[in-house]
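Number of protein chains: 4
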Amino acid sequence: MKTPADPQFADRIRDSFARQKAMALIGARLATVVPGMVEVALPFRDDLTQQKGFVHGGIIGMIADNACGYAAYSLMPADCTLVTAEYKINLLASATLSLVARGEVVKAGRTLTVARAEVYAVDGTHIATMQQTLMMLPGRSDHRE
Amino acid sequence: MKTPADPQFADRIRDSFARQKAMALIGARLATVVPGMVEVALPFRDDLTQQKGFVHGGIIGMIADNACGYAAYSLMPADCTLVTAEYKINLLASATLSLVARGEVVKAGRTLTVARAEVYAVDGTHIATMQQTLMMLPGRSDHRE
Amino acid sequence: MKTPADPQFADRIRDSFARQKAMALIGARLATVVPGMVEVALPFRDDLTQQKGFVHGGIIGMIADNACGYAAYSLMPADCTLVTAEYKINLLASATLSLVARGEVVKAGRTLTVARAEVYAVDGTHIATMQQTLMMLPGRSDHRE
Amino acid sequence: MKTPADPQFADRIRDSFARQKAMALIGARLATVVPGMVEVALPFRDDLTQQKGFVHGGIIGMIADNACGYAAYSLMPADCTLVTAEYKINLLASATLSLVARGEVVKAGRTLTVARAEVYAVDGTHIATMQQTLMMLPGRSDHRE
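Protein chains in written order, with this note's numbering: chain C, 10 to 154; chain Y, 10 to 154; chain L, 10 to 154; chain V, 10 to 154.
Hints in this document: simulated from the structure, not taken from any laboratory.
Quick caveat, the model's predicted, so the values are computed rather than measured.
Accuracy of the hints is not assured; some may be wrong.
When the alpha-carbon atoms are kept at most 27 Å apart in a straight line, the in silico BS3-like pairs for lysine-lysine are as follows [claimed, not checked]:
(1) 116(Y) / 30(V)
(2) 11(L) / 116(L)
(3) 61(C) / 30(Y)
A few chain Y residues that don't get close to chain V, going by computed Cβ distances all over 10 Å [what the hints assert, rightly or not]:
(4) 33
(5) 99
(6) 101
(7) 118
Glycine included, each C-beta is placed from N, C-alpha and C at the ideal position.
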């Protein structure tokens with residue numbers, strides 16, 4: 010397990026996640042928060058689906074994006090925020106069940122962090138894999154400005 | 010403008026989009042459908058935002074994903090469906106306004122199509138750019154099975 | 010360890026790699042070939058560098074690309090070839106030493122395979138991480154046509 | 010055409026490119042340098058090929074990487090260097106001819122620049138498309154340290 014720069018990282022992340030109205034909209038919740046690893050859980054709902062009844066790939070991207078972002082944020086100092094510079098996701102299987110996205114830090118650099126997320130269905134099916142780049146903004150608030 | 014394989018492509022796309030409950034959830038609508046190019050519009054709503062009040066990057070990914078997907082689908086024959094194999098998105102600016110994602114086909118191959126989407130805010134700000142790979146599934150239904 | 014479809018997969022891969030003149034040009038060699046995992050080694054050479062004396066990012070991409078490709082190929086049947094549809098690579102640290110790229114299969118689908126590569130320097134520095142999509146072409150030769 | 014921060018940008022780029030030994034190894038040359046757009050030309054050579062006689066995808070990645078990088082560098086101030094954070098490339102067609110990679114800046118931010126490259130064969134075939142993220146390192150030399 011990696012060493013967090015801010016001992017209050019878990020509170021900071023739970024507070025930030027709770028302010029994400031988009032997560033409330035899709036019903037996602039923060040499941041695990043440890044240094045360098047965060048899991049986001051998404052119960053299946055019919056209103057999250059695309060034309061064939063599978064969870065929309067963009068919704069899968071949303072929880073993987075957040076899992077990567079908060080994994081990165083867990084290792085950052087208290088007085089900063091971060092932005093997602095970019096991500097790439099491969100969709101591996103159709104999703105018709107509840108999902109968990111596990112994000113982990115690959116490399117925490119001074120400015121850029123690289124993270125990865127794996128999304129699994131509750132039956133163990135590997136649904137998606139994401140590689141993401143985030144940029145820390147030191148001295149900037151994580152709240153509305 | 011490219012030549013569609015199916016003259017009814019626009020009806021087929023509008024019907025498919027209408028069955029995407031996830032698009033209704035976020036309030037996205039199909040704005041433009043021409044061969045090889047599709048635009049998806051997303052009015053700003055506060056419940057689409059992340060912790061700083063900007064539209065969630067995953068939501069931006071959702072409309073860009075759909076714009077690419079339906080641009081690809083517009084050039085495919087009637088009796089097929091398609092899956093998104095993967096996409097990569099760069100987030101270029103924070104979004105606090107209504108958005109439009111324009112998807113365009115870069116290369117329509119026999120099995121794989123490569124598409125790109127640009128997302129703009131209504132004030133002209135370039136919000137995101139996506140590069141996507143889709144796979145055609147010939148003879149397969151675009152409906153629930 | 011995964012089960013190969015072709016028991017002669019290792020010979021097939023060594024033969025294919027040996028026909029890659031671009032690998033001879035940069036001095037890369039096949040180090041490990043097991044089902045679902047392939048390592049490509051690249052001794053440091055000054056003529057592989059960019060303007061600051063680090064191994065060129067594109068050269069790092071070449072060995073990661075090959076490690077992913079042959080990892081994918083190791084699980085495919087004898088009478089096929091494959092193409093790289095796309096890859097995404099994050100460069101994590103500057104490289105001034107000999108490198109090893111380890112490619113592993115994430116998901117081997119009927120048509121598409123998703124693979125990943127990690128590139129390490131001989132001193133253990135994590136240099137790069139790649140996520141790649143490959144397409145199998147059944148019944149097609151892996152030789153010049 | 011965009012406005013360069015450094016009027017000597019073209020000399021700076023030609024000098025940097027000339028120090029890239031990896032470009033000499035593969036025979037690539039700088040063809041066009043204007044603000045925000047750079048073209049890299051690669052004459053076909055048999056020793057650049059993979060097992061089927063096509064130009065290696067990693068070699069295509071190398072020239073696209075450089076075209077993006079120097080397009081980004083053309084808009085940066087004189088006293089900086091830059092690193093490629095990551096890139097994603099889709100390979101669209103097999104390459105058996107000389108190539109040109111055209112890199113263009115999509116967004117030049119304070120720290121990060123997003124660029125894109127299109128690679129064409131001399132017969133007009135669209136060979137590849139790349140999306141790339143670069144990070145400026147202000148006050149750092151572009152030479153060996």
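**Asked** Do the alpha carbons of residue 116(Y) and residue 30(V) lie within 27 Å of each other, as the hint requires?
**Response** 33 Å, violated
**Item:** Interface exclusion of residue 118(Y) relative to chain V, criterion Cβ beyond 10 Å
**Value:** Violated: least Cβ distance 8 Å, not greater than 10 Å.
**Request:** Would you mind confirming whether the straight-line C-alpha gap from residue 61(C) to residue 30(Y) stays at or under 27 Å?
**Result:** Holds. Residue 61(C) to residue 30(Y) sits at ~10 Å (cutoff 27 Å).
**Request:** Determine whether the non-interface label on residue 99(Y) survives the test: each CB of chain V must be over 10 Å from its CB.
**Result:** 5 Å, violated
**Prompt:** Looking at residue 33(Y) again, its CB stays over 10 Å from all of chain V?
**Reply:** 30 Å, holds
**Request:** Quickly compare the C-alpha distance for residue 11(L) and residue 116(L) to 27 Å and report which way the hint goes.
**Result:** 11 Å, holds
**Asked** Should the label of residue 101(Y) as a non-interface residue stand, given a Cβ cut-off of 10 Å to chain V?
**Response** 5 Å, violated
Of the numbered hints listed earlier, those contradicted by the structure are 1, 5, 6 and 7.
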